[in-house]
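Chains C, F and U, in that order, give the protein sequences. Numbering-wise (the working numbering), the first sequence opens with residue 1 and increments by one. Numbering-wise (the working numbering), the second sequence opens with residue 1001 and increments by one. Numbering-wise (the working numbering), the third sequence opens with residue 2001 and increments by one.
FYI, nobody ran anything at the bench for these hints, they're computed from the structure. Glycine is no exception: its CB is placed at the ideal position from the N, C-alpha and C atoms. Any given hint might turn out to be false.
[What the hints assert, rightly or not] Here are the in silico distance ranges between beta carbons for each label pair:
(1) C/Y100 <-> F/V1032: 25 to 35 Å
(2) F/V1032 <-> C/C29: 58 to 68 Å
(3) U/F2231 <-> C/R206: 36 to 46 Å
(4) C/A74 <-> U/I2492: 20 to 30 Å
(5) F/A1163 <-> U/V2482: 31 to 41 Å
(6) F/A1117 <-> C/S295: 39 to 49 Å
(7) U/L2485 <-> C/R51: 28 to 38 Å
(8) C/C29 <-> U/V2482: 37 to 47 Å
(9) C/P285 <-> U/F2231: 42 to 52 Å
(10) U/L2059 <-> C/P56: 18 to 28 Å
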Amino acid sequence: MPHVWLPFWPKNAAHSASLIDRIDIGEFCLVLLILCFVFGMMLVFCMKYRRGSRAPRHLPNPKSWHWEIGWTGATLVAFLVLFVIGAKAYLYLYKPPANYQLELYVVGKQWMWKIQHPGGQREIDAVHIPVNRVIKVILASQDVIHSFYIPAFRLKHDVVPGQFETFWFEADRTGSYSLECSEFCGVEHAHMIGTVTVMSDSGYARWLEDQGATESLAQQGFALFRSYGCSGCHDPASTVHAPSLDGLFGSVVHLSDGRSMIADERYIRDCILLPATQRVAGYPPVMPSFQGQLSEEDLVRILAYVKSLSAGHSP
Amino acid sequence: MFSGRLQEQYTDSSQQSETAQLGMWVFIATEVMFFGALIFSYMIYRVAYPEQFRLAGHDSFILLGSINQALLITSSLSMVLAVRAAKADQQRALVLLLAVTAALGLAFLGVKGYEYAQDVATHSVPVVDYIFKPGEHRPTESFWSFSSTGTGRHPTHRPAGIALGLTSWCGRRRARSLPTMTRRSR
Amino acid sequence: MSAVDIGMAGAVPRSYLGEEHTLSSWLFTRDHKRIAILFFISITFFFFIGGFAAALIRLQLLNPAGTLFQPEVYNRLFTMHGIVMVWFFLIPSIPATLGNFLLPLQIGARDLAFPRLNLFSWYLFTFSGLWAIYFIFIGGNDTGWTFYEPYSSNFANGHVIAAAVAVFINGFSTIATALNFVVSTHRLRAPGMTWFRLPLFVWAIYATSIVMLLATPVLAMTLALVAIERFWGVGIFNPVLGGDPILFQHMFWFYSHPAVYIMILPAMGVVSELISCFARCPIFGYKGMCYALISIAIIGFFVWGHHMFTAGISLTSAVFFSLMSFIVAVPSAIKVFNWTATLHNSRITFDAPMLYALGFVGLFTIGGLTGLILATLSADIHLQDTYFVIAHFHFIMVGGTVSAYFGGLHYWWPKITGKRYPEMWARYAAILTFVGFNFTFLPQFILGYLGMPRRYYTYAPDLQTWNVLSSAGASILAVAYVLPLIYLTWSIFHGERAGSNPWGATGLEWRTSSPPPKQNFPRTPVVTEMPYRYDPRNGSYTTQDGVHFPEPAFGEASV
């Protein structure tokens, strides 16, 4: 791999990094080839046709179409090939995974990363993950736009306030790697950095135990579900006619305006914060909005709880 | 159309007037992009929150808005007729039409003022004094923000337009020659 | 050979510089040439302010701990650098100085269509620039030149609204100038000057102006909404109030991507003029070059989403924007191939303008190719918002546009001032620019690949070598930019007097005296020939009416 013989190649700790490196190296080589070609021709012409040289010159031929069509066509084909290769990899890298072994919740706020594991373990500016596992990450921002960037994985995703973002990765090498924020977010943007520690399965399990978490994320969510009064309507025993949350996550929901949606993370979030915009068909429009009352971390806990009611489902 | 003094970069006055017309059309194209951006962002939210915007729109005064629209378009008409009168050197018609335009403009401002007063009374002023009606959320306030941003330009531009119209009239009376530039303003 | 060959033989008419010397004759001028000089003075001032900010940034980044400036100050420095350089230097640089001066001359007109609007444009520009500088010096803002939401409205401390207002007003200066150029090109061309007899510089300015007219108003509205949001706290882009921060990005980049074409298209026009003149050869594929300019201008409106590949836009739209970004690179590639092909069967001399032009082709090609890497969706996931992007756009804007601007300035200096600049110093400056530039920005590609994000006032210690190299290069670049300031100013007072056509070049601007008279041409020219009718067999150019310009002696005065 390049980092062996190039002194300035970044660490490679994930399958995505190898994929992106392959594409990039391919493109760098093509770029160098084109540069050599163009610079080479320029150099040759500058020397051969400098004034005073004895190269033969003739009146210029105004017709140049065959050359132009030739190199335009070649350029277009080359670029389209690059586009397709890049797009395919992007769709693979950015599509949320159907099967994942671990789900992490990341809340970015000025100027720290807060990571929550499903078992309730929390960390700040650090991410401990097991190697060779597909990890799905839900990103949320407490304030401004941040960007969750792990150079060793060659992956980043913006963390946008007002919505949940999802992406995934799979580390394939243990070790410590840097985590950075790559969207300017204020004074200490440059210090919104952390460490990603990739461990073996057993190492990760040990680490989880060592954190001493008493409640899982879903249990914390249930506590909030009760304290904010959600169970007052959504409990099966409630007198209010409200949609049941059992099995909701990942299922298809029919809204009162005729639309159908899959109840994914964004849907759950919008239900809590903007219920008037997605009324479920057949239910009275009485749910209040919790906009401004819940922090992103609380939202994430409640989301984890709702998801736990549909164990086995994934969108 | 314009027969002001021939400027030195033009070969004849028809080139000058055609060039001025082209310039005005190009300027209108930039205005389309300018207000188009505002209308576009309004449409984004309208599509995203159709119910909310419908609820908010209910509160606005359709009758008043329609009257204002009629006043606006009629004042456009009177202004265009004023330009035609200027070209045809009809002094009295020009003066009358400029006065009509100014009067319609003032009427427009009056109706607008009444409308804004009503908004204050029903607590529909975004941010400053906004009370959510049952079933409304933040997006309804957005509706009002857009509508104020869009229509708020009227009270700022209209007086300028009226003033310019009156100035043209005064200049006309003094110089008794055709104006070199006429303006329509909204 | 007489100095003025269109018009009356005999006395040289009074130049536009000599007409009147009072301050008010300058501040109330309607002469496009004087207005160009006014713009030149303003943008030079802003260039050095933006450059000073850049110098401070590179000084800060010498040290990974970044102790030179507090982060609040550093964040304002890069914001100021971006705002001043983009809006108050790069966008007006070639159009408002060279474009203003040369467009009427090259189309054979006496002035632009709306001279008073032209002057008004300068006042808007200078007023908004001074306004921006004032607010920068009393504290500035730290939003970056991109004003991302909701940071700009609800979290940034500083004079955000003032900065937005400055850019807003500057936008109308741009629109006014562009309107003038478009209308003038349509209506004021000399008899016989058909579209396909226009110099490529005019085509480039025309294409740029179309982009300016259609894109800038969107920026104006976007910034107005940001100011309204910040001032009144409404919820247009603020998610807490139901707004969408990504909508801001769409609206901002809808303008700001075409803006980068505003910055590069005029430079391409300049380079075509320079290469054909100093290679004594017609531009290869003239019509292809025209179509390429227009294609870039149009397609450039459909690629803005490539700034948002990692922002969470839909996969479908990401794929669309990537495809369009690759397509827009094709006409640029055509231009590079055509410039290279122009060098074939030519007679090349390496005067300073040619050195700048060749430097442009090299640096722009590198910048453009790295743009392809960024357009590649998966590569962009890694490289977005890192120093790779910074290196990419500086290669194009600085290595490209600024090189072309300096090249054009040197090339047309005799026409504008009537004096020749010292050739050896100019060549040193051109070479120093090329060397300094590469030292400054090549290491930044590496920094980006290693994962150094943008807008960081500190960085990991193992990245220091590359940062130091970059800062060292910046010091060379600074010298290279200050040199022309010195010798060009010197040449105004002590330079050799220039004839009407010292380069033996084609183009109507060279058929009148240097500097031109106020009305440009004593008699309206009539055009019957294609542009760039150089004969590479002997480097000469014979005009349609039989005037013969032999190949100028290298580096010496002629005519």
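Going down the list of hints, with the structure as the test:
1. C/Y100 <-> F/V1032: 25 to 35 Å: Violated: the Cβ-Cβ distance is about 48 Å, outside 25 to 35 Å.
2. F/V1032 <-> C/C29: 58 to 68 Å: violated (46 Å)
3. U/F2231 <-> C/R206: 36 to 46 Å: Violated: the Cβ-Cβ distance is about 54 Å, outside 36 to 46 Å.
4. C/A74 <-> U/I2492: 20 to 30 Å: violated (48 Å)
5. F/A1163 <-> U/V2482: 31 to 41 Å: Check failed, 50 Å falls outside 31 to 41 Å.
6. F/A1117 <-> C/S295: 39 to 49 Å: Holds, at about 40 Å.
7. U/L2485 <-> C/R51: 28 to 38 Å: Once the Cβ atoms are compared, 30 Å apart, the range 28 to 38 Å for C/R51 and U/L2485 holds.
8. C/C29 <-> U/V2482: 37 to 47 Å: Given about 38 Å between the Cβ atoms, the range holds.
9. C/P285 <-> U/F2231: 42 to 52 Å: About 34 Å separates the Cβ atoms of C/P285 and U/F2231, which means 42 to 52 Å is violated.
10. U/L2059 <-> C/P56: 18 to 28 Å: violated (53 Å)
Hint violations for this structure: numbers 1, 2, 3, 4, 5, 9 and 10, all remaining hints satisfied.
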